[in-house]
Amino acid sequence: MSKPNRRAVIVGVATSDYPNLPDMSEQQVHAQAAERALADAGVEFADLDGYATTGFFPMFAVGMCEYFGIRPHYVDETNWGGASFEVLVEHAATAVEAGVCDIVLVTYGSIQLSAMGRKLGTGGGTGAPAGPAAFDQLWGNTLVGSYALAAQRHMYEFGTTSEQLAEVAVTMRAHAANNPMAQYRDPITVADVLSSRMIADPLHMLDCCVISDGGGACVVTTEERARDLRKPPVYILGGAHAMTHHMGISQMPEVTVTAAAQSGPLAFRRAGLTPADVDTLQVYDSFTITVVLSLEDLGFCEKGEGGAFVQGGRLRFDGELPTNTDGGGLSACHPGMRGMFLIVEAVRQLRGESVNQAPDPKIAVAHGTGGMLSTGATLVLGTEVP
Numbered sequence: 011m012s013k014p015n016r017r018a019v020i021v022g023v024a025t026s027d028y029p030n031l032p033d034m035s036e037q038q039v040h041a042q043a044a045e046r047a048l049a050d051a052g053v054e055f056a057d058l059d060g061y062a063t064t065g066f067f068p069m070f071a072v073g074m075c076e077y078f079g080i081r082p083h084y085v086d087e088t089n090w091g092g093a094s095f096e097v098l099v100e101h102a103a104t105a106v107e108a109g110v111c112d113i114v115l116v117t118y119g120s121i122q123l124s125a126m127g128r129k130l131g132t133g134g135g136t137g138a139p140a141g142p143a144a145f146d147q148l149w150g151n152t153l154v155g156s157y158a159l160a161a162q163r164h165m166y167e168f169g170t171t172s173e174q175l176a177e178v179a180v181t182m183r184a185h186a187a188n189n190p191m192a193q194y195r196d197p198i199t200v201a202d203v204l205s206s207r208m209i210a211d212p213l214h215m216l217d218c219c220v221i222s223d224g225g226g227a228c229v230v231t232t233e234e235r236a237r238d239l240r241k242p243p244v245y246i247l248g249g250a251h252a253m254t255h256h257m258g259i260s261q262m263p264e265v266t267v268t269a270a271a272q273s274g275p276l277a278f279r280r281a282g283l284t285p286a287d288v289d290t291l292q293v294y295d296s297f298t299i300t301v302v303l304s305l306e307d308l309g310f311c312e313k314g315e316g317g318a319f320v321q322g323g324r325l326r327f328d329g330e331l332p333t334n335t336d337g338g339g340l341s342a343c344h345p346g347m348r349g350m351f352l353i354v355e356a357v358r359q360l361r362g363e364s365v366n367q368a369p370d371p372k373i374a375v376a377h378g379t380g381g382m383l384s385t386g387a388t389l390v391l392g393t394e395v396p
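Per this note's numbering, the very first residue in the sequence shown carries number 11; after that it's consecutive.
Please keep in mind that the hints were generated in silico from the structure rather than gathered at the bench.
Every residue gets a Cβ at the ideal spot worked out from N, C-alpha and C, and that includes glycine.
One should not assume that every hint holds.
As the list claims (entries may be wrong) - Quick list of simulated restraints, FRET-style, between CB atoms: (1) Asn-15 <-> Arg-163: 46 to 54 angstroms; (2) Phe-55 <-> Lys-241: 12 to 20 angstroms; (3) Ser-205 <-> Glu-394: 45 to 53 angstroms; (4) Trp-149 <-> Asn-15: 52 to 60 angstroms.
With the hints as constraints, model all of the structure from the sequences given.
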């Protein structure tokens, strides 16, 4: 008897409602996304023997298993910041292919936007920063300040302009215009971005991601199991994750070189592909500079050429490299950690289900970034095995 084909595939994806869910708990957001992803795949909670998620307190995955009423023997709650869900799917693929488990549900849910309103007047968020952040914030640095440092350095070294960064925000908003769930859908121009309020020089308000509620989920299983399910499988061709040796930006060796410079080439090598093979990219866009740095470090252009690369409509859904076709974190939603949304949209593109569908894509990349440009994780997905 031949050995069953245990090649890892994604068979179901979904998002919860977003961007504003004032009447839902964080667990309910997870559950809504999970139920939709399982229905998309054609499996049930009872079929699961693996579960993966991450949250902001220990044993979060255990609590979610209790909430779902499941008893998996494979559980993962690796926290890699915004890159967590690319890491969790990479881990799930490894576990499935090794025979550790057969069907893994990966979920995320957040009520970041609603929780901010609920904490008004309660002293929420006024405590001293913990860990390495305490040393950076002592001198007034913040999350957006960290990315602003990277943007300033990129401008100094390579001549990148605010107008070029603004092109990223304009493209994401154009994609969001066709996404009925997106937080902001009204068209914007480069001039609109540059005239928006300065947050941390050179990043304006429209260079920064939105703050929202929302969640997403995906289902990972074997190619063999997928034959009996509802939709064509999306193959996990390669994955890798890396960090840039720092937590706080003050310890980053070179602020224009991110972890994508390590995770990207490794993921492509494992997939047996190159950036030239990619038909669509779903990349973390916490800030416009995040996209420029990631494009360079993933190998879509040379270091220092990212500013020019994003001009001329190249990232539009009908352009050379359709990117963040749901509107991204800059316009659609960004509920704290956005990596799961990148995976969902990459799968939808490969299935032909996106609100801004690229022409017949075969290879997609989802790349997440975490912390103060601290981590990166890359997944290479495809409609078939090359």
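Right, here's what the structure says about each hint:
1. Asn-15 <-> Arg-163: 46 to 54 angstroms: holds, 47 angstroms
2. Phe-55 <-> Lys-241: 12 to 20 angstroms: With a Cβ separation near 19 angstroms, Phe-55 and Lys-241 satisfy 12 to 20 angstroms, so the hint holds.
3. Ser-205 <-> Glu-394: 45 to 53 angstroms: holds, 46 angstroms
4. Trp-149 <-> Asn-15: 52 to 60 angstroms: holds, 55 angstroms
Violation of the numbered hints given earlier is absent; every hint is satisfied by the structure.
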